[in-house]
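These protein sequences, in sequence, are chains A and B.
When the count follows full-length UniProt numbering, it moves up by one through the first sequence with no breaks and lands on 406 for the last residue.
When the count follows full-length UniProt numbering, it moves up by one through the second sequence with no breaks and lands on 62 for the last residue.
No lab work stands behind these hints, which were simulated from the structure alone.
Even for Gly, the Cβ is constructed at its ideal location relative to N, Cα and C.
Be careful, since some hints might not be right.
[Unchecked claim] Lysine-lysine pairs mimicking PhoX-like chemistry, simulated, CA-CA at most 25 Å apart:
#1 B:K9 <-> A:K65
#2 B:K9 <-> A:K54
#3 B:K2 <-> A:K54
#4 A:K48 <-> B:K2
[Claimed, not checked] Among the chain A residues that face chain B by a calculated CB cut under 10 Å, a handful are:
#5 P45
#6 P56
#7 F57
#8 K65
#9 D286
#10 V292
#11 A321
#12 A324
#13 T328
#14 D332
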Amino acid sequence: MTGRIVVAGASMGGLRAVEQLRAAGWTGAITVVGDEPHMPYNRPPLSKEVLAGKAPFESLAFTPKAAAADVEWRLGTRVVAAGLDRRVVDLDDGSAISYDGLVVATGMRPRRLTCPGPLTGRHTVRTLTDAQGLRGELTRPGVRVVVVGAGFIGCEVAATAVGLGVSEVTVVDPLPLPMVGPLGELLARALLERHQERGVRFRLGTGVAGFEGDDRVTGVVLGDGSVLPADVVVESVGSVANGEWLDGNGLDLSDGVLTCEHLRVGGRPEVVAVGDVARFPNARYDGVPRRVEHWSIPTDSAKHAARMLVAELTGVQADLAPFAPLPTFWSDQHDFRLQSFGAPVLGLGDVRVLDGDPDRDPEGDVLVGYHADGRLVGVVALGGHGAAMGAARYRAQLLKQPALAA
Amino acid sequence: MKVVVDMNKCQDHGQCVFAAPDVFSMDDDGHLVFVAEPDDTLRDDVEEAADVCPLQAIRIED
């Protein structure tokens, strides 16, 4: 087999793409290009175990499958442009690589706040370098921490900081409850109470207007004009797709890279996208293209995209049903876990407690179901292992359901 | 095929149980139990289980 597949992006999505290309029978050359200096590593521990000092880098590195051993890794290098008509990508070192197939796996980067103030002392958590830098600051005695953004990363970082012994940890968010977007009000309220019970403070319903300090940050100015003293700020305000390198190819890059139901990009069968940069319609649900930042997506999407791409390049019929992953996410915070299956966001208008009693037993396990048109579309458990296993019992039911768009 | 699970890493997510139910299961306390030397016909399932483990605690030896 001759020809070359270029994988742009060397994180989990890039690695899984490589492995799945080999599993799908591609024996030609593969070149992976990634801007970080490291081989692919597992990111979820960055906001938890790595920050807490419980996991060294070696424990994060993925072990690539043996079939992927002959792949060329060009690390510390990024793809800066692509000519899809000419089938070539340009790298930041001035070189160019021609390809027969291209996998877009460039992922996301943290969104940054643009309001005025010093940059020093302000952190994000996306890479190993980020997490190591933040850990160095969190372990300084008496440090005051402000976390901007009460989503997954913000809530996890706040919990980890409290666990490290930081006495002043405040989470700021313009929304009225933490993680209310993915969880809805009922569970978000339960989450808020558990965080407060464990020492995390919240300033909700207000945004950030700026940062105080000369050389480095000393305070966070809130939308109402009040100031939170801060030695360390963590910005966890969402992420931005790394898709600019695809500019000029007539693609829809308005939020990640738009794909078809088979993860193909721009109607080009030789270009596929995987991981959280891909905005794909999920055939299981309403067919609306969405990016999904869950950890399970790189693995699921790489498997589908690799089969499509190898079939195209080898002239075989792929004969795959449209991509229809069952979303799943988890989040470990303090001594509890959130565990989800399905698509809770599609059922936020009809939320029912399936197990537990959050009013009477605010620290107990709770399982919540999310419904659309009276039908269960997602579940989220909050609590210990028992709660997560309770959610898992609904997984088979969620898998069996026909598409909403049918 | 030999399956090795780093029990220091395992946090009982149970994703492997969905991927390879003939090899991995949860006991009554919610802790992982698994068949250490499953039949080779289950290799695809076990590879899937290793891929979806959030802690990347599952390894296949030979």
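Ascending list of hint numbers which this structure does not respect: Violated hints: 3, 4, 6, 7, 9, 10, 11 and 12; rest satisfied.
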